[in-house]
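Colleague: So the sequences go chain by chain: A and B.
Going by our numbering, the residue at position 89 of the first sequence is 89; the numbering climbs one at a time, nothing skipped.
Going by our numbering, the residue at position 25 of the second sequence is 25; the numbering climbs one at a time, nothing skipped.
Some hints could be false.
[To be verified] In the DSS-like style, the derived pairs of lysine-lysine whose C-alpha atoms are separated by at most 30 Å in a straight line are: (1) Lys204(B) <-> Lys112(B); (2) Lys121(A) <-> Lys265(B); (3) Lys136(B) <-> Lys142(A); (4) Lys138(A) <-> Lys100(B); (5) Lys143(B) <-> Lys151(A); (6) Lys151(A) <-> Lys2(B); (7) Lys258(B) <-> Lys86(A); (8) Lys138(A) <-> Lys143(B); (9) Lys89(B) <-> Lys86(A); (10) Lys32(A) <-> Lys107(B); (11) Lys93(A) <-> Lys138(A); (12) Lys96(B) <-> Lys142(A); (13) Lys159(A) <-> Lys138(A); (14) Lys151(A) <-> Lys261(B); (15) Lys89(B) <-> Lys106(A); (16) Lys91(A) <-> Lys265(B); (17) Lys91(A) <-> Lys142(A); (18) Lys142(A) <-> Lys261(B); (19) Lys208(B) <-> Lys159(A); (20) Lys107(A) <-> Lys89(B); (21) Lys142(A) <-> Lys89(B); (22) Lys100(B) <-> Lys107(A); (23) Lys138(A) <-> Lys2(B); (24) Lys270(B) <-> Lys205(B); (25) Lys261(B) <-> Lys143(B); (26) Lys265(B) <-> Lys136(B); (27) Lys261(B) <-> Lys121(A); (28) Lys138(A) <-> Lys89(B); (29) Lys265(B) <-> Lys106(A); (30) Lys103(A) <-> Lys96(B); (31) Lys215(B) <-> Lys103(A); (32) Lys107(A) <-> Lys107(B); (33) Lys138(A) <-> Lys215(B); (34) Lys12(A) <-> Lys124(B); (35) Lys89(B) <-> Lys107(B); (36) Lys93(A) <-> Lys107(B); (37) Lys215(B) <-> Lys142(A).
[Unchecked claim] One-sided excerpt, in silico: chain A residues whose CB lies under 8 Å from chain B: (38) Gly43; (39) Asp45; (40) Ile105.
Don't read these hints as lab results, they were simulated from the structure.
For each residue, glycine too, the CB sits at the ideal point set by N, CA and C.
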Amino acid sequence: MFLKEALPELFKCYQCLSCTLGCPLAEEMDFKPHQLVNLLILGKDKEVLNSLTPWICASCESCEVRCPNGVPLSELMDRIRQRALKEKIYKGKGFSLPLIFLKEIKKRGRIHEISLILGLKRLVGFRVSMEELRMGLKMFLKGKLRIRPPKRVSSESFKRIFEEVSF
Amino acid sequence: MKFAYYPGCSLEGSSREYDESLRAVCEALGIQLVEIPQWNCCGASSVHQVDFFLRIALPALNLLKAEEMGLPILAPCAACFLNVRRAKKALLENEKLRTKFSSLFSKNFQAKTQVFHPLWVFSKPEFIERSQELIKVKLSDLKLVCYYGCYLVRPPEITEIDDPENPHLMERIMEALGIQVIDWAWKVDCCGGSHSLLNPHLVKKLSKRLVQKAKESGAQGIVVACPLCQANLDLYQENQNMPIYYFTELMGFSFGIKEAKNWFKRHMVKPSLG
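Based on the provided sequences and hints, a complete structural model is requested.
Modeller: Here you go:
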């Protein structure tokens, strides 16, 4: 199934570029938001799934609010990410955050920031720059990093949520 | 006034000063907070990238708990606020979805609970008035800009903000404290969000520019209402010495609450107040 089949609103796009012009990270992307929409319309899913753009997008939703035609750009980015993860197409580093984040939620019910960072490092490598080290140390000394993990959320309802999904 | 309090993960971690200042300000204003028992993470800015069911299910469980408490939700974290409101809207407008979740949680889910961010509450006329009565420390020399970022604002169908390109909720509260609020064009631009964890260069680029723009507007500080905005602007501004305040910290400080000093101690750029 083509990605465009789930998003019929895509075809309302007339390439006005409102999305790209308002995007704070457009210059970092390989395909700009309006180009991504065009590629989807053309059925070039392979290019889209291999693009870095969905992993550069910060989900700020400026594009969607400013689109004159109501193209759901944030849902589109999410659908691309979800499909890429499903097909194990891992681009850049961005893909690892949602995966580790979800793992942490499933485990504890809440995010413990240090565990999240360690989980990410385990996946993308433990190399730390001097700057990161300095920042981490300063945060620690300022009391910004909570060492003790929060209590686990263990209600039946919470467990039931994860019985519904395959993650 | 009484709320089901949903602090969220950041407020028990890196932004404890937001939690502490909010609790103190609520007490001063006569607002009672009852923490939602066993609340869980809302999924923040990550879970929607993996799965749409979880994006609704995780916040829905907190919504249900508040419903059982019979209280409206107060969510100070912008992501929690947006995600719970998104789940509520989806459930309220879609009976099938509501039935599905009612059976999943074995409860009769109404999804009518109101969901507020403290900005929406404190900017109501009654609390503006009460805030003015509580002022002990005058902040009239302070020139600040208000910064909203993304999740308090977009999408406006969910947040129901006063104006998605130029909101004024925070300004109203700050002006009530006597602070000189400067108008600027960057209040709803993105700080880079959770990119700080893996692509800090992206956050540096956006947050540094925001702080530069605030400085160019003549501001001595930036007021925020989101834990991620505060962390990014505070950590990634690169030697611009611009304090980033939570609006609740300024309220608390102005009300003469002594603990304010401890809140400010946790900032990377230490505010000159107190």
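Colleague: Tell me the hint numbers this structure goes against, listed in increasing order.
Modeller: As far as the earlier hints go, 1, 4, 5, 7, 10, 12, 13, 16, 17, 19, 21, 23, 27, 28, 29, 31, 34, 36, 38, 39 are violated by this structure, in ascending order.
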